[in-house]
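2 protein chains.
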Amino acid sequence: MNNPTPSKRITLIGVGLIGGSFVLDLKHKGLATSVVGIDLNHDNLERALERKVIDAAFDHINTEAVTGADLVIVATPVSTLPAVCRQLSTVLENHSVLIDVGSTKQSAIHAFQKYLPHHLPYCIATHPIAGSDRSGALAAQFGLFQDKKLIICPHGQEDSESLNWVSSLWQTVGAQTYLMSATEHDGIFAAVSHLPHVLAYAYVNQIATHPNGQAYFDFAASGFRDFTRIASSHPAIWVDICLENKNSLLALLSGQQAQLAQLATMLKNGDADALYRYFDQAKQARDAWAALQ
Amino acid sequence: MNNPTPSKRITLIGVGLIGGSFVLDLKHKGLATSVVGIDLNHDNLERALERKVIDAAFDHINTEAVTGADLVIVATPVSTLPAVCRQLSTVLENHSVLIDVGSTKQSAIHAFQKYLPHHLPYCIATHPIAGSDRSGALAAQFGLFQDKKLIICPHGQEDSESLNWVSSLWQTVGAQTYLMSATEHDGIFAAVSHLPHVLAYAYVNQIATHPNGQAYFDFAASGFRDFTRIASSHPAIWVDICLENKNSLLALLSGQQAQLAQLATMLKNGDADALYRYFDQAKQARDAWAALQ
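Here the protein sequences come in this chain order: A and B.
If you're matching positions, the first sequence starts at 1 in full-length UniProt numbering and goes up one per residue.
If you're matching positions, the second sequence starts at 1 in full-length UniProt numbering and goes up one per residue.
Next comes chain A alone, as it looks inside the complex:
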């Protein structure tokens, strides 16, 4: 594909793993000449300046921070997007393209529609599938999006040139772009991302609050390590995601409870054949998935 038009200036709101890594790569590829970072956390801004993730820093959204921005990236926890859009509505220039990178997309589009209705053609909802249990500007890294999936959820009123430009920027940093509706997106990620995070938190809490919890942790090994890795994820980010996508998540939690009830019955009955079929079905499905990665 053609090289995307260089983005002369970027404003990054929320200087963390995702936004920080994206602008590092865009600079490295020559697609950004300067990045203005906006973050509530002064220490985080200092680190981002030191590591040259950003070139100027502000602790709140104002005219100076967004003037001249070709691209404004909102990479704050998803629950803050409505307030960010409301604040941007009075300062955003007409030519600036706005993207978010959050894990819930129906809520992102609602925020665009409610607070930036006149800017809607230039608001693009994106979601890079490149999570980590690490967070903050220090977690920003080159190449985070290489060979990762990037989902764009069109709301139907996008300016096509802006949409394609955003898509080309993500492809330039190595991502494979996919289009899907925000509803479909939120259903899929409730299942493959939000639910396992919640289940990992639930499992760790069960162990941690058990009277024998300390002995349990003493003998936990590699299976435990991998199963619980995502329970080290940033709590505030995940509270936001879970609440923004709570209907999908509640349905899935109910489905998980049904699975556990089924398992308990098989165990109580000592039904080795049923347990074998159940475990084997899961192993086959997981192995088939892993073989394609």
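Worth flagging that the hints you see were computed from the coordinates, not collected in a lab.
Heads up, a few of these hints could be off.
One copy or any two copies: either way a pair holds, since identical chains are not told apart in the list.
Heads up, simulated DMTMM-like pairs for lysine to aspartate or glutamate below, C-alpha to C-alpha not over 20 Å straight-line [said to hold, decoys possible]:
no., residue 1, residue 2
1, K149, D218
2, K114, E158
3, K8, D70
4, K27, D147
5, K8, E64
6, K149, D226
Everything numeric in this text was worked out from a predicted model, so none of it was measured.
Chain B: place on chain A using the hints.
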């Protein structure tokens, strides 16, 4: 510590990841001159012979296979241990030390007591904490037990020389040995190993059997990969373990159901503060554990 007395001859019943890796290391350290392998699977025996995991092969337990064995290692799925002990009772020589390496220890000791009562002083229940989702003779590897924990569950009638010899063998292949009661062992491993395996199987089955399952798998990423790794574990091995330890596991499954019910309530109420405390408690506990590994 002193070097353990060389084990001139070993009989390994069940030539897989755990038993195969143990004898590979014992040979490498000069502690075994020959290993007789017994396994139901002829292909598996062929591979074990090719890779010099074993030096002779039998497809069933008989006098020839165990005659002259200084050490007999039972490394078959845990539910088979009673039948293995029953068969050994007519062929095992008085001087042979017998160990098992299974993941449930109350059931192991019951099998020793029931089928080998006269041999009990020379029966030692051990459990190396070195799992993998891989299995079979081809999965056997050098150094699997280096810096891993090895638990011995005394039944109280061990010959102390045999007990210390077995302990020294495991230490020689790199393991750190711990002693605890079989009851305590089974409670701990139900919590940190058996429960997460069952939860991983349950989660993968929920996704795999969902009408949108294929789309889910298409967008599953690194969090999913780690959370579900143990669902690729051998189904028959885990059916056995779960049934042998079903009382502990059922109590823990019930505890997990209570965690999920609590989470669903917090989500329904949109209680961000409670969710934050819940997620943060899990993160703190998991981070504290990880910092010690």
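Consistency of the hints with the structure:
With identical chains, the CA atoms of K149 and D218 are at most 20 Å apart between copies only, with a shortest distance of 10 Å across copies and 37 Å within one. For the identical chains of this complex, K114 and E158 are intra-copy neighbours only, at 15 Å inside a copy versus 75 Å across copies, given an alpha-carbon limit of 20 Å. Taking CA atoms no more than 20 Å apart as the test, K8 paired with D70 passes inside one copy only; the shortest distance there is 6 Å, against 76 Å between copies. Proximity of K27 to D147 under the C-alpha cut-off of 20 Å is restricted to the intra-copy arrangement: shortest distance 19 Å within a copy versus 44 Å between copies.
For a Cα distance limit of 20 Å, the shortest separation of K8 from E64 inside one copy, 16 Å, qualifies, whereas the shortest one across copies, 80 Å, does not. In the homo-oligomer, the alpha carbons of K149 and D226 lie at most 20 Å apart only across protomers (18 Å), although the nearest pairing inside one protomer, at 22 Å, exceeds that limit.
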